[in-house]
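Based on the provided sequences and hints, a complete structural model is requested.
Those protein sequence lines, which keep their order, are chains A and B.
Sequential numbering of the first sequence, starting at 1, is according to this note's numbering.
Sequential numbering of the second sequence, starting at 1, is according to this note's numbering.
If you are wondering where the hints come from, they were derived from the structure by calculation, not from laboratory data.
Careful, some of the hints might be misleading.
Partial selection, computed: residues in chain A whose CB lies under 7 Å from chain B [claimed, not checked]:
hint : residue
1    : Phe-65
2    : Glu-106
3    : Ala-107
4    : Phe-109
5    : Gly-110
6    : Gln-111
7    : Gly-112
Here are the computed lysine-lysine pairs in the DSS-like style, where the Cα-Cα straight-line distance is at most 27 Å [stated by the list, open to error]:
hint : chain 1 : residue 1 : chain 2 : residue 2
8    : A       : Lys-78    : B       : Lys-100
9    : A       : Lys-68    : A       : Lys-78
10   : B       : Lys-100   : B       : Lys-49
11   : B       : Lys-69    : B       : Lys-49
12   : B       : Lys-58    : B       : Lys-100
13   : A       : Lys-24    : B       : Lys-49
14   : A       : Lys-24    : B       : Lys-100
15   : B       : Lys-100   : B       : Lys-69
16   : A       : Lys-68    : A       : Lys-24
17   : B       : Lys-100   : A       : Lys-68
18   : B       : Lys-58    : B       : Lys-69
19   : A       : Lys-24    : A       : Lys-78
Glycine is no exception: its CB is placed at the ideal position from the N, C-alpha and C atoms.
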Amino acid sequence: DAGVIQSPRHEVTEMGQEVTLRCKPISGHNSLFWYRQTMMRGLELLIYFNNNVPIDDSGMPEDRFSAKMPNASFSTLKIQPSEPRDSAVYFCARTYIQPGTGSNTEAFFGQGTRLTVV
Amino acid sequence: AQSVTQLDSQVPVFEEAPVELRCNYSSSVSVYLFWYVQYPNQGLQLLLKYLSGSTLVKGINGFEAEFNKSQTSFHLRKPSVHISDTAEYFCAVTPTSYDKVIFGPGTSLSVIP
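Pasting the structure below:
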């Protein structure tokens, strides 16, 4: 356990349904990332937050995807409506940004949510 | 912009043999360098990192990597692999003035008994 709890671990849903993935990072780490992993495309950065504010969402594939971070201990990634091509493992990761440098020195990953859209 | 290349998508190696997983990066600014390992059905975990100082970095599980600035490489090595080292290995970079982590495509290491 790297201090990042993701739920659910597995999700199977029908095409067109709304899916919400959850992430609970340990507070005190000020950046949070959502990644998607597939065999074809590898690890893709979808969006990242710094101090709960979305900084870069250029990786979010479509308007069907949205992410929120209402506080330092919780984030969600929502897909509405879901499609079969969204099937993947979604990872949440937290980092600590060093004051003064603006850079992180390590990312801690959750165990991922395996999403299957049928 | 930064990019990471891992030339070998799959590396089979016999148990107790040495292994090297290659990583090259491209960046116009200084970067920090990382290797992560992903075991089946798990998230990624840090093997080792280079921030500054000695270019030879030692990590967990007997792995080490050497930063070569002139060749923009950060190859991962282990002198003798175990079955338990079978996993996916990712090289990653972070610009020192930014917080975005860029991952390579990964190398699948298979250790053969």
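Here's how the hints hold up against the structure:
Because the closest C-beta pair between A/Phe-65 and chain B is about 18 Å apart, greater than 7 Å, the hint is violated. Satisfaction of the interface hint for A/Glu-106 is found here, the shortest Cβ-Cβ separation to chain B being roughly 5 Å, below the 7 Å cut-off. With 7 Å as the threshold, the beta carbon of A/Ala-107 comes within range of chain B, its nearest partner Cβ sitting at about 5 Å, so the hint holds. For A/Phe-109, the shortest C-beta to C-beta distance to chain B is roughly 3 Å, which falls under 7 Å, so the interface hint holds.
Interface hint at A/Gly-110: satisfied, since its Cβ lies 5 Å from the closest Cβ of chain B, which is below the 7 Å cut-off. Because the smallest distance between the Cβ of A/Gln-111 and any Cβ of chain B comes to about 5 Å, under 7 Å, the interface hint for this residue holds. The closest approach between the C-beta of A/Gly-112 and any C-beta of chain B is roughly 5 Å, which is under the 7 Å cut-off, so the hint is satisfied. In summary, the hint linking A/Lys-78 to B/Lys-100 is supported, as the alpha carbons are separated by about 22 Å, within the 27 Å threshold.
Distance hint between A/Lys-68 and A/Lys-78 is fulfilled; the C-alpha atoms sit about 9 Å from each other, no more than 27 Å. Between B/Lys-100 and B/Lys-49, the direct Cα distance comes to roughly 15 Å. Compliance with the 27 Å bound is thereby established for this hinted pair. Between B/Lys-69 and B/Lys-49 the CA atoms are separated by roughly 15 Å; this keeps the pair inside 27 Å, and the hint holds. Taking the CA atoms of B/Lys-58 and B/Lys-100, the gap is near 24 Å; set against the 27 Å cutoff, the hint holds.
Restraint check for A/Lys-24 and B/Lys-49: satisfied, since their Cα atoms lie roughly 25 Å apart, inside the 27 Å limit. Between A/Lys-24 and B/Lys-100 the CA atoms are separated by roughly 20 Å; this keeps the pair inside 27 Å, and the hint holds. Using a Cα cut-off of 27 Å, the hinted pair B/Lys-100 and B/Lys-69 holds, with the two alpha carbons roughly 20 Å apart. Simply put, A/Lys-68 and A/Lys-24 have alpha-carbon atoms about 12 Å apart, close enough for the 27 Å limit, and the pair holds.
Under the criterion of a C-alpha separation no larger than 27 Å, the hint pairing B/Lys-100 with A/Lys-68 is consistent with the structure, at around 18 Å. At most 27 Å may separate the alpha-carbon atoms for a hinted pair to count; B/Lys-58 and B/Lys-69 meet this at roughly 17 Å. Only pairs whose Cα atoms come within 27 Å are accepted, and A/Lys-24 paired with A/Lys-78 is accepted, the gap being roughly 15 Å.
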